[in-house]
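Novice: Residue strings, one per chain:
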Amino acid sequence: MIPAAFSYHRPKSVQEAVALLAELGDNGRVLAGGHSLIPMMKLRLASPGNLVDLAGIGELKGVRADGNDIVVGAMTTQHELIASNFLADKIPLLRETSLQIADPQVRYLGTLGGNVANGDPGNDMPAVMMCLGASYNLSGKSGERRIAAREFYQGTYLTALETGEVLTAVRIPTPAAGHGWAYEKLKRKVGDYATAAAAVMLSMKGGKVESCSIGLTNVADAPLWAQEAGRILTGSTLDAATVKRAVAAAEAITSPASDTRGPAQYRTKMAGVMLARALDRAKSRARG
Amino acid sequence: MAKSQIELKVNGKSVEALVEPRTLLIHFLREQLNLTGPHIGCETSHCGACTVDLDGKSVKSCTMFAVQANGADLRTIEGIANADGTLHAIQEGFREMHGLQCGFCTPGMITRAYRLLQENKNPSEEEIRFGISGNLCRCTGYQNIVKAIQFAAAKLNGAPFQEAAE
Numbered sequence: 001m002i003p004a005a006f007s008y009h010r011p012k013s014v015q016e017a018v019a020l021l022a023e024l025g026d027n028g029r030v031l032a033g034g035h036s037l038i039p040m041m042k043l044r045l046a047s048p049g050n051l052v053d054l055a056g057i058g059e060l061k062g063v064r065a066d067g068n069d070i071v072v073g074a075m076t077t078q079h080e081l082i083a084s085n086f087l088a089d090k091i092p093l094l095r096e097t098s099l100q101i102a103d104p105q106v107r108y109l110g111t112l113g114g115n116v117a118n119g120d121p122g123n124d125m126p127a128v129m130m131c132l133g134a135s136y137n138l139s140g141k142s143g144e145r146r147i148a149a150r151e152f153y154q155g156t157y158l159t160a161l162e163t164g165e166v167l168t169a170v171r172i173p174t175p176a177a178g179h180g181w182a183y184e185k186l187k188r189k190v191g192d193y194a195t196a197a198a199a200v201m202l203s204m205k206g207g208k209v210e211s212c213s214i215g216l217t218n219v220a221d222a223p224l225w226a227q228e229a230g231r232i233l234t235g236s237t238l239d240a241a242t243v244k245r246a247v248a249a250a251e252a253i254t255s256p257a258s259d260t261r262g263p264a265q266y267r268t269k270m271a272g273v274m275l276a277r278a279l280d281r282a283k284s285r286a287r288g
Numbered sequence: 289m290a291k292s293q294i295e296l297k298v299n300g301k302s303v304e305a306l307v308e309p310r311t312l313l314i315h316f317l318r319e320q321l322n323l324t325g326p327h328i329g330c331e332t333s334h335c336g337a338c339t340v341d342l343d344g345k346s347v348k349s350c351t352m353f354a355v356q357a358n359g360a361d362l363r364t365i366e367g368i369a370n371a372d373g374t375l376h377a378i379q380e381g382f383r384e385m386h387g388l389q390c391g392f393c394t395p396g397m398i399t400r401a402y403r404l405l406q407e408n409k410n411p412s413e414e415e416i417r418f419g420i421s422g423n424l425c426r427c428t429g430y431q432n433i434v435k436a437i438q439f440a441a442a443k444l445n446g447a448p449f450q451e452a453a454e
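The listed protein sequences derive, respectively, from chains L and F.
So for the first sequence, my numbering puts the first residue at 1; every next one is plus one.
So for the second sequence, my numbering puts the first residue at 289; every next one is plus one.
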């Protein structure tokens, strides 16, 4: 399996990368960890004439606090997300999710930026970022802009990323201390995409849900933010009847494909099961 | 397409070479450097037979271009044995615990286990199984591979290996 020929570029700064991509237009493609793009190139489903490798750009790495937000550089790998004690403390949902992505070798190279920018509904981080209310920093020829994860995804491999733009960082509002979290993923084996998966963030006060946000992975042609389900749960004690209504509301917005992971109806039901489990676990972790 | 000049360290030796940008690292290692220890199994980044150690990371060399390894410090199964030619504790573990049958997955397994034991000197059985979950073996059922890694961990820690009761 040999990819089509291409020219390789390794810029040293975002500025240089953006200038290169502007010049290359549709003939240039960004290379991050490569674990989605290179398999596609080997299958010749992608054959970019130029690859712009971001690996040499130091400013795209690392995790830092910025006011009330936590900013994660796009080239930060899943392995680095797992290893970060700062993130494990502030946003433990990220470690829980990263550990369920692919396998150790892939996590050493696979990046957060690649995972969220790729636009594959099978990727796990997009729904997690919608759940967290994250936004993405995009750099292009005409400057920088920021877009909410909840507005970024338009369909399979269709995102708000314009030709020539680079996703440089992910900005996540620091969750409240004492929040509950969970990412529940049903997969057939290690390394598989989700049959269905659910991300939950919630905070409790006096035994009642103060806020609740839910993301769903791989049960539509784009990741989903289950806003209505979260609204139903807010103010409740997560009693069985309310959870059932919320699960039904989440299932109602799914439209999965029937594929080797199962028929569409099954995958919709599994999204509901993953959500119920994630709510349960998030509740057990929440304080207050 | 113009070739790119790359310089890297492979098993402790400096290497300079010209590669086409599309040359996968596994093809570069096997065909240009004649290092045929890393195997081509699935070619789709599932099986882990092509695993090599690159700058302290286990990577699947079928899913990386050789140009991306420019400047890297790389180790293959050929560079795992001790400097005096004796077997590394992990290799010894695979021999003593019958950690291989056909042997095809073994270079990737050992190279992956090498990094796992650098990061976690005393892994539990569960941590070993999770740590090698990117390497597939179609013969052993993994039991003896896990034992081989436990053997190596014990040896590297200077403790005798005790098999858990079955």
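One should not assume that every hint holds.
Straight line, CA to CA, 20 Å or less: simulated EDC-like cross-link-like pairs of lysine to aspartate or glutamate [said to hold, decoys possible]: (1) L:LYS208 / L:ASP259; (2) F:LYS345 / L:ASP53; (3) L:LYS189 / F:GLU414.
Keep in mind the hints are simulated off the structure, nothing from the lab.
Novice: Quick one: which hint numbers does this structure break? Sort them smallest to largest.
Specialist: 1
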